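Engineer: Residue numbers (the numbering used here), protein chains in the order written: chain A, 1 to 508; chain B, 509 to 824.
Read the hints as simulated data drawn from the structure, not as lab findings. Heads up, none of these hints are tricks.
Using 30 angstroms as the maximum straight-line C-alpha spacing, the simulated DSSO-like pairs for lysine-lysine come out as follows: (1) B/LYS589 with A/LYS449; (2) B/LYS790 with B/LYS770; (3) B/LYS732 with B/LYS645; (4) B/LYS719 with B/LYS790; (5) B/LYS589 with B/LYS564; (6) B/LYS722 with A/LYS449; (7) B/LYS642 with B/LYS719; (8) A/LYS251 with A/LYS298; (9) A/LYS449 with B/LYS683.
Derived coverage of chain A by chain B (criterion: at least 3 residues anywhere in the stretch with Cβ under 8 angstroms from a Cβ of chain B; other residues may be distant): (10) 322 to 328; (11) 347 to 356; (12) 454 to 461.
Computed from a prediction, not measured in an experiment: that's the story for all the values here. We treat Cβ as the ideally placed atom computed from N, Cα and C, and that holds for glycine.
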Amino acid sequence: MLESLQNLANGFGIATAIHNLFYCLIGAIVGTLIGVLPGIGPIAGIALLIPATFGLNATSAIIMLAGIYYGAMYGGSTTSILLNVPGETASVITCIDGYQMAQKGRAGPALAIAAIGSFIAGTLGIFGLVFLAPPLAQAALAFGPPEYFSLMIFGFIVLSNVTGTSLLKALMMATIGLIIGTIGLDPVTGDTRFSFGSVSLLGGIEFVAVAIGLFGIGEVLINVHQPKELLDQRVIVPRFRDLYPSLQDLKRSIGAILRGAGIGFGIGLVPGPAPVIATYSSYMIERKISKHPEEFGKGAIEGVAGPESANNSSCQSAFIPLFVLGIPFGPVTAIMLGAFLIHGVSPGPLLISQHPELFWGVIASMYIGNFILLLLNLPFVPFFANILRIPKRILLPLIILFCMTGMYTVNNSIFDIWMMLLFGALGFLMRKWAYEGAPLLLALVLGPKLEVAFRQSLMLSHGDFGVFVNRPISMAFLLAAGVFLTIPVIRMVFKKKGGEGNREKVKG
Amino acid sequence: MLKKVVIGLVLSLFVFISTPLFAAEFPTKEVQIIIPWAAGGATDLIFRALAPYASKHLGKPVVVVNRPGGGSAVGYTEGAKAKPDGYTLTSAVTPLTILPHQVSTVYTYRDFEPILNVVSDPSMFLIRADAPWKSLKEFLDFAKNNPNMIAVGNSGAGGGVHLVALAFEKAAGVKFNHIPFSGGGPSVTALLGGHINAVSVSPPEGIEHVKAGKLRIIALFAEKRLELFPEVPTVKEQGIDFVMGMWRGLVAPKGTPPDVIKKLHDAFKLGMEDPAFQKTAKDMAINLSYLGPEAFGKLMVHDHEFYGKLIKEIKK
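Bound conformation, chain A alone:
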């Protein structure tokens, strides 16, 4: 503990060297820009900037690239909140309440709380990284295929009804997501499934196309569908003093931020779609424990604060497997691994002892970077919030243009744009008949992982299903999922009818 602090102090010495501060700032700025633009994610951004790090030493290079990664987590919420267009997987959930807040003229507080939450969660995540990295990496190894399968099942059951509207509709949407997830090549044997001879479908359906289609394009279409007078109307224009969150907002958010930070940090250690599970879980928990759950989906600030914090701390803990095991659990950390290799550093169990200046320097720079990002993001809040002053008949076509260019940059594929438009049409119908997009997206992400883990587990056990209940961690997740499924049934039997009370919250 004490040694960690001393090392961290040395790390600050390295990170505050003027050139390292400069690279940290560059990383943070580029990251924010990448986060704001939909389509271009941190992966493409970092990959394009790696050549720029040739002349640098390993520490400076990693400091800059890491800055891009967590910087993108700050920027990602912007288009979700303003335009209902999720910039990347980690900000899908932010669309739900963030966009509603913006529609009520509260875009400023939503954007600001996302930045503040990201800052707090990022800082806490760094402390976790400093003190817990080696033991946590060992804990992450405890997850084999059976544990992974049960975690996915748990996530699936608990999170599919994330918005809490109708369990039946949520499960229907999740099933559609699962089916879409099977399109492409079989992940274990490589056989083609549901591609109908189309080469473009072999690689599966692009997640970003579904996300932008269902949320962004669907929202535009719903707006167009409204009576003509409404189109000429502007969104409620925020008054200046409403641009930043009130004390009341902060009070409501702080719990959500801290919980989100914890959830994100824990889930970030699991290989695979950690940011998605982390943000969904955080939203779910906030809605469950909230004193005013009826506000969720209509612009509850906790619904922005929690998930945005969760995605930031999950991005800090994602560094743990990379630093300690040398194995990246996600595509962004994989690119960071490449950056290590260029500079002749092979991350692995010996990294911390052989290259302490790099490990501690980078960690200290993350702390500084988070602070820079907060200072960088807050002044932009009024600027972004003012985008909503544009009348809808101009704003809506712009959103479509924005979505299309963003979509194209993901894979440089026209096919993806058609897919996005197709899901946009589906999103319109879903919105019209009150079906939620979130469960579909969750199933699309979890489905393929679930299938692979299931098949690997049964291969390990020679076809014995006992493998899922004989292992304690796996058993615990399955039990928890079971409890979650039975609670509503028990409630129905014992209570006559849900007496939550219809407390109408007065809006400030």
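Guided by the hints, dock chain B onto chain A, whose structure is given.
Structural biologist: Frame of chain A; chain B shown alone:
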């Protein structure tokens, strides 16, 4: 006013993104290398290490993307169907000549133009340092007495190190339980966590963990011992005549213009010769083995036939 600013911003973004379309000589934008496995495996590590050195000579960034799944079929299918303009390359590894014999893929090596070969490495089995088997003999004796009980991870069903494991069990007269993962990174992670008993890999997969004393090399399928671990004997020394390994090179989709191939070849060859890359390769325990387009093409032809026969034999 603000309206104009926003419209201007969006339009300039649009122009910025589409500029590569109007430019002239190759390369005008970044070059992508598809890795058909998850991050952290041998091919991934090697090309991530090489990419920046090649990009130095190419003048544009070289970007590595992972397209795992189907034991490499997903990535190769995408690579074969990519536009033959030299901007989408694929890492060609031994499984390219293996998988088409195992399952009905839509591609073979004939759908690609060879650019160059980069490394050629022996395969090996790793176990955890605390595993009960102290020698190859103990490991194989246990396998003989407990058929199908040793779970051996590989980087994808029907792929390179899977075939190595299948061929080795035939040579040694034992049976393993083969578990496919989406790449060498995930399979080594599963071994570290104790979810499987051994893993079939090629350097540099797991090398850092062998250095750190977490994993051991239990079977080395090389002609001679590894420079980095001279104390580890090959299986050949121990009486099993079995040598097998993986080559890893670079290919472009069929129909890529010869002058583009030449530019790519020259840039990657110069990248390989960079002293800094050579040092990285040594640390990673990988064995650089340059082959030009023609020789690399011949190697693929040869191995395609060789593995076709081998697979028929194994399936008997």
